[in-house]
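Please build the complex by placing chain B on the supplied structure of chain A, with the hints as guidance.
Each protein sequence line maps, in turn, to chains A and B. Quick note on numbering: the first sequence equals residues 1 to 175 in the numbering used here. Quick note on numbering: the second sequence equals residues 1 to 171 in the numbering used here.
It is possible that some hints are incorrect.
[Said to hold, decoys possible] Chain A side only, calculated, beta carbon under 10 Å to chain B, not exhaustive:
(1) Thr39
(2) Gln120
(3) Asp123
(4) Asp125
(5) Leu128
(6) Gly130
(7) Ile132
Don't read these hints as lab results, they were simulated from the structure. Computed from a predicted model, the values in this text were never measured in an experiment. For each residue, glycine too, the CB sits at the ideal point set by N, CA and C.
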Amino acid sequence: MTFRGATVLVGVGLLFAGLVIPVANAQQASGPVKVVQLTGLAGVKDNAKGTLGVENGQLHFVHGKASSEVSAASIQDVVTGADSQRTVGGTIGVVSMAAPYGGGRVLSLFRSKIDTLTVQYRDADGGLHGAIFTMPVGTADVIKKELVAQGAHTTAPGDSTPAANSNTSPSKEKP
Amino acid sequence: MKRILDAGIKLSLFMLIFSASPLRAQKNKPAKIKAAALQVEMIQSDEIKLPAEFQVALYENLIRQLEKNGFSHVYRDGDRNAASVADLVVLHSTVRGFKAGSERARQVTTVSGATSITVHCQFTSSDGTSLLEQDVNGKVRFFGGNLKATYDFAKKAAHVANENFSTPGRE
Chain A
1 MTFRGATVLV GVGLLFAGLV IPVANAQQAS GPVKVVQLTG LAGVKDNAKG
51 TLGVENGQLH FVHGKASSEV SAASIQDVVT GADSQRTVGG TIGVVSMAAP
101 YGGGRVLSLF RSKIDTLTVQ YRDADGGLHG AIFTMPVGTA DVIKKELVAQ
151 GAHTTAPGDS TPAANSNTSP SKEKP
Chain B
1 MKRILDAGIK LSLFMLIFSA SPLRAQKNKP AKIKAAALQV EMIQSDEIKL
51 PAEFQVALYE NLIRQLEKNG FSHVYRDGDR NAASVADLVV LHSTVRGFKA
101 GSERARQVTT VSGATSITVH CQFTSSDGTS LLEQDVNGKV RFFGGNLKAT
151 YDFAKKAAHV ANENFSTPGR E
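So that you can see chain A by itself, here it is in the shape it has in the complex:
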């Protein structure tokens, strides 16, 4: 085999791996997933970072030393969505807006895809609550499937995140 042939072979192999690995990663999120709770969980501050997992018929959100549970059976609706957020965010992102010659605006063009998971559940008195989480691409669908398997209801059973299924689908902006 010539050197050129070997290069082409390695190139094709890398291309194939590039296509397969993200899909494989997207399907592997069975343990707790790092998420941001945007709003809605009782007793949890907005934009709280933590881990989300499904275990023993409960949705667990662990943030710091505290944890919140929602029974899967009390979940009326669980919906996933695709979204995007600024790659350079937080304080640096805000400060960068003041950069000269529109440098900060250029940074705004760089965005990373994320998944959203929206859950509607009822408390002991029957009151309806809603919680929104953002998480890495491909993980929301796995959590949704686990919740549905453990008794949660959904109005969109066939719904899955476009980001997990297709790389060409347009993504929405960050909520």
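For chain B alone, coordinates are given in the frame of chain A:
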């Protein structure tokens, strides 16, 4: 001396007329409707296709802002405790307009990419009699994610409730 006295009298009359106008305006303002508690129904969006996260964010922000505005008893959709409350006011919200916008466009261009949402708010008594109806909108024009429009709506809707309803201990 007489001229100064005349001018003084005219000035006092002038001041009296202008200071009395706001008082009269306040008297003409309709009396607040008595509401022992508020119940917020889930946001409906049958005609407009609204992402689930927007629907939930509208609902959660609305409840939070109403509580912030001094409504001590804000019941959620389906809460059984609300059934026994006298003078309960129920807030029904229906999405009438939604423009998703783009955070990226806002940050890059400043002038485009605004997110806006229009919600028809109807306050009814527990028997379904309409007490007040109003369209309220929420917008995010420059900074922040698209969901910030739901916060803007919630603040305005809570203000409408605050202006028109009185609860015990908050007149």
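Violations among the numbered hints, reported as their numbers in ascending order
Violated: none.
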